[in-house]
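Asker: Residue-level listing of the chains:
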Amino acid sequence: MNIKVSTIFILLCGVFLIYSFSIYIIPFKEKAAVGFDPGQAAFGRLVWQKHNCQSCHQLYGLGGYLGPDLTNIISNPQKGEVVIAPLVKYGVKQMPAFDLTDYELSVLIQFLKSTDASGISDPRNFIKDNFGMINEHEIK
Amino acid sequence: MNMKLSKLNFGSLFLLFALKMLLFGLVFGVLASLSYVYPEFLKDKLGFISLRPLHVSSAMFWIILGATGCIYSGLQIYTGTSASNQRSKWQFILWTVAIIGIFFSYFLKDFGGREYWEFNPIWALPIVMAWILFISNFITMVKGFKQWPVYVWMWLTGIIFFLFTFLENYLWIFPIFRSHFVTDMTIQWKVNGSLVGSWNQILYGTAFFLMDRIENSKSTGRSKLAFFMFFLGLFNLMFNWGHHIYTLPTEKYIRYIGYWVSMTEWVFFIRIIYEWKKNITTIQKNYHHFPYRFLMASEIWVFLNMGQAILMSIPAINIFTHGTHVTVAHAMGTTIGINSMILLAACFEFLNFNLEKHARKIKTLNITFWFLQSFLLLFWLALNGAGIRKGIWQMSVNQSSYSQMMESLNPFISVFVVSGAGLLISFSIIAFVLIKSSISRNVIYHQDS
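First to last, the sequence lines map onto chains A and B.
Here the first sequence stands for residues 1 to 140, where the numbers follow my numbering.
Here the second sequence stands for residues 1001 to 1449, where the numbers follow my numbering.
Where hints are given, some of them may not hold.
Stated by the list, open to error - Mimicking DSS-like on lysine-lysine, the simulated pairs with C-alpha atoms at most 27 Å apart in a straight line are:
1. B/Lys1361 with B/Lys1004
2. B/Lys1436 with B/Lys1363
3. B/Lys1109 with A/Lys93
4. A/Lys79 with B/Lys1043
5. B/Lys1043 with A/Lys93
6. A/Lys93 with A/Lys50
7. A/Lys128 with B/Lys1252
8. B/Lys1007 with B/Lys1357
9. B/Lys1043 with B/Lys1143
10. A/Lys50 with A/Lys89
11. A/Lys29 with B/Lys1252
12. B/Lys1045 with A/Lys89
13. B/Lys1043 with B/Lys1146
14. A/Lys93 with A/Lys79
15. B/Lys1146 with B/Lys1252
16. A/Lys89 with A/Lys79
17. B/Lys1045 with B/Lys1143
18. B/Lys1007 with B/Lys1020
19. B/Lys1089 with A/Lys4
20. B/Lys1043 with A/Lys89
21. B/Lys1146 with A/Lys4
22. B/Lys1361 with B/Lys1089
23. B/Lys1143 with B/Lys1007
24. A/Lys50 with B/Lys1089
25. A/Lys89 with B/Lys1109
26. A/Lys50 with B/Lys1224
27. B/Lys1436 with B/Lys1357
28. A/Lys31 with B/Lys1436
29. B/Lys1357 with B/Lys1020
30. B/Lys1218 with A/Lys4
31. B/Lys1143 with B/Lys1224
32. B/Lys1020 with B/Lys1363
33. A/Lys50 with B/Lys1146
34. B/Lys1045 with B/Lys1020
35. B/Lys1218 with A/Lys93
36. B/Lys1436 with B/Lys1361
37. B/Lys1109 with B/Lys1043
38. B/Lys1045 with A/Lys4
These are computed hints drawn from the structure, not numbers from a lab.
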């Protein structure tokens, strides 16, 4: 039994590694979307992480529950870049005031531009097919 | 080797360390939940941004250190040998350094900022070193044995995949991954899914081990069905995580694989129902045996949470629950209802809690057991209620504001906070009884020495 078990185990691990690497190579073969600076967005990602924004906010519905999803906040006509700066600086309700430098704030906005450019997180934007799978609407 | 070091029982030491982490996790969890009711609570001192990772990390330490203790204790019984105490000592010290460092960094507002389990990457180094020592001890202990039972395979799988996914979790350190937002999120949720799968392998393996031990048989852990279930679990650990990211605009094949593989969980679910009737007589026979009772409680929570997980894995349903408190209910339901119940069963068994010597505590433990299950059910239902309400809001055409929606969740959140406090009290009573009785009997030393 153990030889059979070892063989199945190793085979499954091999398939898993191939699957994992198929995901790791995606950034190397795709061009970054337009509308933001990828280098600054990568720094902005670090600002987002350094201040643990994910503990209260979500991106694509993944994250904390105290504050709203921020994936498309930049393109939201009622919010956008203008609203973000004072909220970050002075805080609101549970959200504390964050002491960000101008540079940190600008790269954070670049990061949010990158999330915004990646797609739409609003679940109402999806349609269901006959197999129970969901797909995005074609037009934003 | 130093005489005292050679006598130390690291299985018990890790279990006691884990129980202390459980207490921390509960206290921080209740404090964090208060932020939902009192927005200004500790806002400028700790605040939710520190309390949430304090709670999550403590809970993770409870599970991971507990899993480590289970493997050491189980292997000691299975192989009849002890782990290298030099390596175990350094493993223990490295974990202690990492945990103190991580807690301090949260108090200093120095975060890792990733979803769920996060801390400054510097503290990942002692954890990786501790894990390598653990793997080395594991291999040394089992290498002379042939025909491993299923639980040894599950433990091996758990410790290997923990290390792999833990390292994979730090791909974001390279800017190429970090700047590609969608891939970064895909890898993050691949890691989260597989990391949970890795400790589930260890804990379900422990449950198999305990069942064999309680029933005084060696058949459960060696049956073909047990191996089939092991491989199905491993298959899900590797490939079902795509159900976390249906709405993320990642490659379509990832979503389809996640969906199809998740549907194989129906096999587990149907088996639980099929086995249930058979288990009833055994439950009645072993009712007063605490390890068994906690294992049975975990079975009920597996039933509830797996049923919920399978439904949430159907994308057409997931779209209503994704990003809502239903997801939290599932996460809490599995970590508390399944992982913690198996760990408590293991603590009662491996820390040699003898009911005859603690007759006065039986009544307290009996009552606490039922309070624990009741508070957990209330807690789980409150989160599901809040999640369903949020789900309706997020799919509605004319949405009210986010803050209005959050206010409408207040009745559910109040029940969530009160039942959370109930869980704190119930778990604390059980943990204190276990810790106190273990210290009084010196279980941190091998009993035969």
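Asker: Against this structure, judge whether each hint is valid.
Answerer: Hint by hint, here is what the structure shows:
no.: 1; hint: B/Lys1361 with B/Lys1004; in the structure: 31 Å, violated
no.: 2; hint: B/Lys1436 with B/Lys1363; in the structure: 17 Å, holds
no.: 3; hint: B/Lys1109 with A/Lys93; in the structure: 19 Å, holds
no.: 4; hint: A/Lys79 with B/Lys1043; in the structure: 24 Å, holds
no.: 5; hint: B/Lys1043 with A/Lys93; in the structure: 9 Å, holds
no.: 6; hint: A/Lys93 with A/Lys50; in the structure: 21 Å, holds
no.: 7; hint: A/Lys128 with B/Lys1252; in the structure: 14 Å, holds
no.: 8; hint: B/Lys1007 with B/Lys1357; in the structure: 24 Å, holds
no.: 9; hint: B/Lys1043 with B/Lys1143; in the structure: 52 Å, violated
no.: 10; hint: A/Lys50 with A/Lys89; in the structure: 15 Å, holds
no.: 11; hint: A/Lys29 with B/Lys1252; in the structure: 16 Å, holds
no.: 12; hint: B/Lys1045 with A/Lys89; in the structure: 17 Å, holds
no.: 13; hint: B/Lys1043 with B/Lys1146; in the structure: 57 Å, violated
no.: 14; hint: A/Lys93 with A/Lys79; in the structure: 17 Å, holds
no.: 15; hint: B/Lys1146 with B/Lys1252; in the structure: 42 Å, violated
no.: 16; hint: A/Lys89 with A/Lys79; in the structure: 15 Å, holds
no.: 17; hint: B/Lys1045 with B/Lys1143; in the structure: 51 Å, violated
no.: 18; hint: B/Lys1007 with B/Lys1020; in the structure: 22 Å, holds
no.: 19; hint: B/Lys1089 with A/Lys4; in the structure: 36 Å, violated
no.: 20; hint: B/Lys1043 with A/Lys89; in the structure: 15 Å, holds
no.: 21; hint: B/Lys1146 with A/Lys4; in the structure: 13 Å, holds
no.: 22; hint: B/Lys1361 with B/Lys1089; in the structure: 33 Å, violated
no.: 23; hint: B/Lys1143 with B/Lys1007; in the structure: 23 Å, holds
no.: 24; hint: A/Lys50 with B/Lys1089; in the structure: 33 Å, violated
no.: 25; hint: A/Lys89 with B/Lys1109; in the structure: 17 Å, holds
no.: 26; hint: A/Lys50 with B/Lys1224; in the structure: 49 Å, violated
no.: 27; hint: B/Lys1436 with B/Lys1357; in the structure: 13 Å, holds
no.: 28; hint: A/Lys31 with B/Lys1436; in the structure: 60 Å, violated
no.: 29; hint: B/Lys1357 with B/Lys1020; in the structure: 23 Å, holds
no.: 30; hint: B/Lys1218 with A/Lys4; in the structure: 20 Å, holds
no.: 31; hint: B/Lys1143 with B/Lys1224; in the structure: 22 Å, holds
no.: 32; hint: B/Lys1020 with B/Lys1363; in the structure: 23 Å, holds
no.: 33; hint: A/Lys50 with B/Lys1146; in the structure: 48 Å, violated
no.: 34; hint: B/Lys1045 with B/Lys1020; in the structure: 24 Å, holds
no.: 35; hint: B/Lys1218 with A/Lys93; in the structure: 58 Å, violated
no.: 36; hint: B/Lys1436 with B/Lys1361; in the structure: 12 Å, holds
no.: 37; hint: B/Lys1109 with B/Lys1043; in the structure: 12 Å, holds
no.: 38; hint: B/Lys1045 with A/Lys4; in the structure: 57 Å, violated
Checked against the numbered hints above, the structure violates hints 1, 9, 13, 15, 17, 19, 22, 24, 26, 28, 33, 35, 38; every other hint is satisfied.
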